[in-house]
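The listed protein sequences derive, respectively, from chains Y and H.
Read in order, the letters of the first sequence correspond to residues 1 to 99 in the numbering used here.
Read in order, the letters of the second sequence correspond to residues 1 to 587 in the numbering used here.
By construction, these hints were calculated from the structure, which means they are not laboratory data.
Each pair of labels, with its calculated beta carbon distance range: (1) Y/80 - H/427: 55 to 61 Å; (2) Y/95 - H/301: 33 to 39 Å; (3) Y/52 - H/420: 50 to 56 Å; (4) H/456 - Y/80: 32 to 38 Å; (5) H/307 - Y/80: 36 to 42 Å; (6) Y/66 - H/280: 40 to 46 Å; (7) Y/25 - H/159: 20 to 26 Å; (8) H/374 - Y/95: 58 to 64 Å.
We put the CB at the ideal spot given by N, CA and C, even for glycine.
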Amino acid sequence: MDRADRLDPSLNPKLDPSLAAEVSRLRWQCRRGMLELDLLLNRFLDAGFVELDPAGRTDFVRFLGYQDQIIHDWLMGRAVPADAPLRRLVVRIQQAMRA
Amino acid sequence: MTIPHRKFDALIIGAGGAGLNAALRLASADLRVAVVSKVFPTRSHTVAAQGGVNAALANVFPDDWHWHMFDTVKGSDYLGDQDAIEYMCREAIPTVYELEHAGVPFSRLDDGTIYQRAFGGQSQNFGGDQAARTCAAADRTGHAILHTLYQQNVRARTHFFDEFFAIDLIRDEEGAVLGALVLEIETGATLVIEAKATLIATGGYGQVFRTTTNAFINTGDGMAMALRAGVPLMDMEFYQFHPTGVAGKGMLITEGARGEGGYLINGDGERFMERYAPRALDLASRDVVARSMVTEIREGRGCGPNKDHVMLKLDHLGAEVVHHRLPGITDICRVFLGIDPAKAPIPVFPTAHYAMGGIPTDRFARVVAPARHGPEEVVPGLYAAGECACVSVHGANRLGGNSLLDILVFGRAAGTDILQYVAENPNHRPLREADLEPAVTRLARWERKGEGETVAAVKADLRKLMEDHCGVFRDDDTMAVGVEKLKALRERVEHARLKDQSPTFNTARIEALELDNLVDVGMATLMSAHARQESRGAHSRIDHPARDDERWMKHSLYSRDGDRMDFKPVRTKPLTVESFPPKARVY
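Construct the entire structure; sequences and hints are all you get.
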């Protein structure tokens, strides 16, 4: 079972139903107008999201609320978020891409 | 089960630049407008457009819409319809000023006028000196336009159905379009949106190819809806590829990298362009470079464990040049590949970028299809604009800066015509339950239980098939095999199953519906490419290397019913000026 399949409730019966619902909802929020964001955000959702603590998951939801162009600038290293939790999240998303 | 109905004057499917510009025109005139978008509107693919909008404002160099028209006709390899091109180039000027007044923060010259940059394919005086015609808002023009249009629509009280997926158009017995069946992604609930006029503005379908610059949302939904409603798709063989995308991912590595001295190598470390283009080398035209790359891979000289890409070498240029002159490429390599392009080569493969073909329309954005009285009969109540439409202003190839222009001008034209259409047709046409049946049946198909292949597996095979059989390497044998394989794959879709049948945020179901759409537009592309036995613009055939105006200066039309190909003439007569007759296209 690969990382994405572990988050698919139809393939992983052990998955916590509330987490599965949350991931499904966020999967659609990770559909963006730019391919770069699709790749980075979906990879993180599959590989890094479940390892976040509750505060980190809340930060990720907040992160997804920003405009595509702003998220793009942060993830491509052209700008830095003002608050520390989002800065940490940017690093984790970038690390997940290269893992 | 009774499906609730809502009624609007106009329904717009898709919330990119075309849809929002049409919606703004309609809502500003106090029509009741519904915009359905499968993602939040400002996450539409228009946001990714960096380049700009062409308009002959003459702020930097002398310019004229007629010169813009010449460049566009020539760029289209003479397949563009010259009435539509004249209209677009003339309307470009008021369209840009309208956007400026709506609040788009265009970059400025010192005298306060809109800054205009030079792009390839732009000329002064019908092929003379370089023109500077592209209006830009720094390197984020699409983002600026999309956000401005969205905010203006909110002000104008456009009704947004965010995160709703359009299943299918609804047509009555006489063929008039009455609206669409849509699905709320969050709840899985269906809704019928009845409208006096419906505009399809759903963008492109790059996701049909394995390597693409397009976002995940670009799955040809509107084009496939048109096909299922009996409307053919036009000129689908013309798809623009860039030679250098990041292999396995798709992001564009700009031609600037080769312009700075970067070059391609195969798995043997050989600079292979020396064999294909001894003079121009890596700066040969896009189609030559792309086809050379794929030829190397097909003949077993690719790179990597699967020998499925080649390498772009920049490391000989030095860190100073690479990091300072190519910062975007440096960022992409660092973030997605974990490499420094000043030290390591970049794995590259041709990447699918832009569809010239689509739903056939006239210059008023009205959908036209062959019917009893000729090849261009208007489908009552149906409009299309943007990348999903084929007016056709791009013909066989699109010029840089003309795609944002296309969505804005023809989104606006759709709005203008819908205003008149609704004034002349003030009542909703009656909708019978039977008119809904095809759309309801399509949705219900994915509720079938039992064992079957996964959507993801079939989709991956489709994208690989399209890349292998209808990418940049096109000849009769390759495409004939591709058509048969795609017909077999289409059968596999019938037997695929969804394991997750839950109603809420069931993204798997949306991906299944998108797969249906991709298969339909994929077949349209492959069959059209197989049929056209010439090379023109972006459609480049090894077995028919020359343009053949005598046999092929005509538009192709693919119909889903019976996988049928048909053709219609190019509109060579402009509105007010002389025609530009076909010539050899030399730059």
